[in-house]
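Protein chains in written order, with the numbering used here: chain A, 1 to 285; chain B, 1 to 285; chain C, 1 to 285.
Hints should not be assumed to be uniformly reliable.
Quick list of in silico lysine to any residue cross-link-like pairs, SDA-like style, CA-CA up to 20 Å [as the list claims (entries may be wrong)]:
#, chain 1, residue 1, chain 2, residue 2
1, B, K2, A, Q29
2, A, K2, B, K2
3, B, K3, A, R238
4, A, K236, A, R258
5, C, K241, C, E199
6, C, K255, B, E73
Sample of chain A residues facing chain C (criterion: CB under 10 Å; computed from the structure) [as the list claims (entries may be wrong)]:
#, residue
7, P12
8, A16
9, P54
10, A220
11, T251
12, A259
13, Q263
Residues of chain A clear of chain C, computed beta-carbon distances all greater than 12 Å [said to hold, decoys possible]:
#, residue
14, T19
15, D186
16, D266
If you are wondering where the hints come from, they were derived from the structure by calculation, not from laboratory data. Glycine included, C-beta positions come from ideal geometry on N, C-alpha and C.
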Amino acid sequence: MKKLLIQLDTDPHPSAFDTVVAYDAGVDQVLPYAGITPGNVQAMVEGAIFTRGPIDKRHTAIFVGGSSMEAGEALLKAVQHHYFANFRVSVMLDSNGGNTTAAAGVARLSKGMDVRGKRAVVLAGTGPVGQRAAAMLAQDGARVALTSRHQERAQKSCDFLQEHFGIKVEGLVAADTESRSRAIADAQIVFATGAAGVELLDAGQWQEIRSIEVLADANATPPLGIAGTEMGDKGKLRAGKVCWGAIGFGTLKLKVHRACVAQLFDGEFRVFNAASIYAKARELA
Amino acid sequence: MKKLLIQLDTDPHPSAFDTVVAYDAGVDQVLPYAGITPGNVQAMVEGAIFTRGPIDKRHTAIFVGGSSMEAGEALLKAVQHHYFANFRVSVMLDSNGGNTTAAAGVARLSKGMDVRGKRAVVLAGTGPVGQRAAAMLAQDGARVALTSRHQERAQKSCDFLQEHFGIKVEGLVAADTESRSRAIADAQIVFATGAAGVELLDAGQWQEIRSIEVLADANATPPLGIAGTEMGDKGKLRAGKVCWGAIGFGTLKLKVHRACVAQLFDGEFRVFNAASIYAKARELA
Amino acid sequence: MKKLLIQLDTDPHPSAFDTVVAYDAGVDQVLPYAGITPGNVQAMVEGAIFTRGPIDKRHTAIFVGGSSMEAGEALLKAVQHHYFANFRVSVMLDSNGGNTTAAAGVARLSKGMDVRGKRAVVLAGTGPVGQRAAAMLAQDGARVALTSRHQERAQKSCDFLQEHFGIKVEGLVAADTESRSRAIADAQIVFATGAAGVELLDAGQWQEIRSIEVLADANATPPLGIAGTEMGDKGKLRAGKVCWGAIGFGTLKLKVHRACVAQLFDGEFRVFNAASIYAKARELA
Chain A
1 MKKLLIQLDT DPHPSAFDTV VAYDAGVDQV LPYAGITPGN VQAMVEGAIF
51 TRGPIDKRHT AIFVGGSSME AGEALLKAVQ HHYFANFRVS VMLDSNGGNT
101 TAAAGVARLS KGMDVRGKRA VVLAGTGPVG QRAAAMLAQD GARVALTSRH
151 QERAQKSCDF LQEHFGIKVE GLVAADTESR SRAIADAQIV FATGAAGVEL
201 LDAGQWQEIR SIEVLADANA TPPLGIAGTE MGDKGKLRAG KVCWGAIGFG
251 TLKLKVHRAC VAQLFDGEFR VFNAASIYAK ARELA
Chain B
1 MKKLLIQLDT DPHPSAFDTV VAYDAGVDQV LPYAGITPGN VQAMVEGAIF
51 TRGPIDKRHT AIFVGGSSME AGEALLKAVQ HHYFANFRVS VMLDSNGGNT
101 TAAAGVARLS KGMDVRGKRA VVLAGTGPVG QRAAAMLAQD GARVALTSRH
151 QERAQKSCDF LQEHFGIKVE GLVAADTESR SRAIADAQIV FATGAAGVEL
201 LDAGQWQEIR SIEVLADANA TPPLGIAGTE MGDKGKLRAG KVCWGAIGFG
251 TLKLKVHRAC VAQLFDGEFR VFNAASIYAK ARELA
Chain C
1 MKKLLIQLDT DPHPSAFDTV VAYDAGVDQV LPYAGITPGN VQAMVEGAIF
51 TRGPIDKRHT AIFVGGSSME AGEALLKAVQ HHYFANFRVS VMLDSNGGNT
101 TAAAGVARLS KGMDVRGKRA VVLAGTGPVG QRAAAMLAQD GARVALTSRH
151 QERAQKSCDF LQEHFGIKVE GLVAADTESR SRAIADAQIV FATGAAGVEL
201 LDAGQWQEIR SIEVLADANA TPPLGIAGTE MGDKGKLRAG KVCWGAIGFG
251 TLKLKVHRAC VAQLFDGEFR VFNAASIYAK ARELA
């Protein structure tokens, strides 16, 4: 019986990234759907839960993706709303790669480090990766701040994290490299999670801050978010700081992504979300 | 050479149900297309008939699905319109699972019973499943009626059945559980084919009607169409009547669906429509 | 590791033809995307280049298709624009089957013939197949003309060929069978590449022209472009001229299409466009 992954994407096109990774995770057939919302997902869930017998259903799973983590969260909720009794299949949420990227980045940069009490700043942290990274660092005990160009967006993200994960994160407005370098002035951990091609920090700015122990950048398209690092950095020492680039921790991100997808089919009913994906990342880091 | 099923769906998203069942029927690759109409189907048919040699074409087939049986009928006609000489592949029509659900339900409830001359009432019978069930029961010799909340829709369905299958079915208006229980007052066979989550009969109503021998309910989402039955009922005796629930005869429905898809690839040119699917259901029941 | 082909189609539905041929070329999984433009292709390219390690990426490739060769050209350019360093995968352009059809037609009709200095007329040659056939014949040294019903479209195609392939082709206005038979009055080679179901020449017209040595017709839907030939013609002698029909050289077209797709996965970085596809066709003819 084939392992089928129903890939529900909230964007107009299903993510090619997610489909490729699913195949590399051992899925036999991916069924990608685009433009999926809580309003039209019922038919896909029924296709997952009504087509195979109770035991065979372990070979069917659902993946929720797309560029918006907010839309993904809502869709995951809608999928589970259509489950009843044992009419359900394992499901994973990784909109925009947010959960796996955040999990891999945090697992890599904090590996062997006790983050409790340390100050961690997530630069341009209002996107899905940034929010999740903030949540993971906070859950591990760090004092976390995230920055945004806009006060309103910073606040909204902090509210979201409070509400969804029950954690407190400080929101900082930082619209240029100067204000961002001030935001990291006493930080030990810096994680840049900005948009592709936007430089968030000059090289000189972070290199001079003595408190910084480790930096990571989730950006895989040049120019990078943190100038003076490289996307291939794998714990490379630069100006005395441990640096991680998107490609550098991307190997772990892909490994985590594949491992979680593979585990959707191990016979247990699973919901892979931020916390369980982060646990997997720490296990594999 | 891979067995390819070109899944033409008339809805904005291709049915996940149909794709999963196709894989379970042994198809190697399903090629799902959404939003297919007689006006845009030509390219898909050409992709089916012009890509493989005369002998290899036995490994290509077309499946027509979607929520509207009417749109499916029109699409099936359009597909066949683009066939010429031996440039054609086997094709199956099962919009909304209508043909396989009706076939399995009727095959199950009438198994071992001579339905000739018996009165069969299809409740909320204007949808694809209801219409097909009515046609199958009538072809086997039952005196068939279907109910609808609206006179016009009841009549339209009866006209359709007369025109397409050459059978006479009585149309009854029944907008509430009372009028529906009057409609089944002298029936031996009751088949509920209403919308998901709409209760069509109270438990007390059908249990008191002595003529009723067997009831089936195509609804797989609670609340069921026939209160007092369960969707897992597999010929279960309730108040002296044999009861079939959607999950109960769903095993046969899936078996029929898979068997028909598998047979599309057996080397013969086949058109699976209501009659041939019902024949397969009787064979497998 | 599975061979994955990311099929980027510029039309509202991905070409079933291209998907089927890809599977027959040995691709393990085709990932079809519809409605792809330079503006939305980035995510698909990233899915191709960021998901697998440098060595494993040889098992990922991109195919650009759709009904418009112009849109396909622009999309191919956009795909390559997102490549950097060794973050790239092999790619093939065959919008509307234009490259493979033109390549196979020209390779078949000119097989064993020295076309240098000969006059070749591509009838209704402003579409993708016609333009490419004109380019291939011109590159081999023929004096090429293409016809169109409209002066403007003929000129636009000649300009395109001059700009893209650096070749000179004569544009002729020919709106009816009479003017088209005048256009081929002193030709040795005639290739009809008109729309499906449009007759471009009467049988009597071309049969009486003594200079003509070979005719090919890319039309696979009756009525054919060149009356008096048949789509199954495989170098058949008719009125002393060698005739090729679309099905006749379609075997080679499919062979070329499959061979190019297969070669996308041979470990070299490849860009299959008109010239390289034509080279493959000559090799296989």
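Any of the earlier hints contradicted here, and which numbers?
The structure breaks hints 3, 4, 6, 9, 12, 13 and 14; every other hint is satisfied.
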